[in-house]
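*Asks:* Sequence:
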Amino acid sequence: MKVYTKTGDTGTTALFGGTRVPKHHIRIESYGTVDELNSHIGLIRDQTINDLYKSVLIEVQDRLFTVGAILATPPEKETLKNGQPRLQNLGIVESDIEFLENEIDTMEASLPPMTHFVLPGGHTTVSYCHIARCVCRRAERLAVHLNDIEPTDARVIKYLNRLSDYLFVLARKLSHDLNADEVQWIPRK
Numbered sequence: 001m002k003v004y005t006k007t008g009d010t011g012t013t014a015l016f017g018g019t020r021v022p023k024h025h026i027r028i029e030s031y032g033t034v035d036e037l038n039s040h041i042g043l044i045r046d047q048t049i050n051d052l053y054k055s056v057l058i059e060v061q062d063r064l065f066t067v068g069a070i071l072a073t074p075p076e077k078e079t080l081k082n083g084q085p086r087l088q089n090l091g092i093v094e095s096d097i098e099f100l101e102n103e104i105d106t107m108e109a110s111l112p113p114m115t116h117f118v119l120p121g122g123h124t125t126v127s128y129c130h131i132a133r134c135v136c137r138r139a140e141r142l143a144v145h146l147n148d149i150e151p152t153d154a155r156v157i158k159y160l161n162r163l164s165d166y167l168f169v170l171a172r173k174l175s176h177d178l179n180a181d182e183v184q185w186i187p188r189k
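In terms of UniProt numbering, the sequence shown opens at residue 1 and continues consecutively.
Read the hints as simulated data drawn from the structure, not as lab findings. It is possible that part of the hints are untrue.
[Unchecked claim] Label-pair ranges, simulated between beta-carbon atoms:
| # | residue 1 | residue 2 | range |
| --- | --- | --- | --- |
| 1 | 102 | 181 | 26 to 32 Å |
| 2 | 94 | 20 | 19 to 25 Å |
| 3 | 188 | 106 | 34 to 40 Å |
[What the hints assert, rightly or not] No more than 27 Å apart at the CA atoms, straight line, and that leaves these computed lysine-lysine pairs for DSS-like:
| # | residue 1 | residue 2 |
| --- | --- | --- |
| 4 | 23 | 77 |
| 5 | 6 | 77 |
| 6 | 158 | 54 |
| 7 | 2 | 23 |
| 8 | 158 | 77 |
| 9 | 77 | 2 |
| 10 | 6 | 23 |
| 11 | 23 | 158 |
Predicted model, so just to flag it, every value in this text is computed and none were measured. Cβ coordinates follow ideal geometry from the N, Cα and C atoms, glycine included.
Make a model of the complete structure from these sequences and hints.
*Replies:* Spelled out as structure tokens, the structure:
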């Protein structure tokens, strides 16, 4: 199978189910941003960090492939002609969200309470987490926008929301683990 198909040379691409849309379509923006997020998470995973964080990030990357597949499937193509779901055995479930919540709670238990906003930075790995968090928020906004146009699985939006929280807490935890400076933003008077 060749990498290039030439079918997108005119500025359109196919969704799951074959529907062709412009490459700037909100659905493409949504799952394209999830793909971008997945790449940023890969960059975090490539850093010298605790193996536990790496295993969590691999799980997150797996779930993001599922999120992308869900976002790439228009509602009218979710069911095959034989009545079976197009994305059999693929979905975001509550336990995926609970997994992130448990990881957040575990990390927060070892961190000092936050009293102010945190400025991104202090260590390259921490900065990568903040970049991924921002891309995750953008993916969430795009998924919400898509949901306003066509119904989207609400758990996808919830997962992206929780994932951005996880990435924020991971950045704080890595700041702590790496003895990086965590600079809190204090408004000027």
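*Asks:* Go through the numbered hints given earlier and state which of them the structure violates, listing their numbers in rising order.
*Replies:* 2
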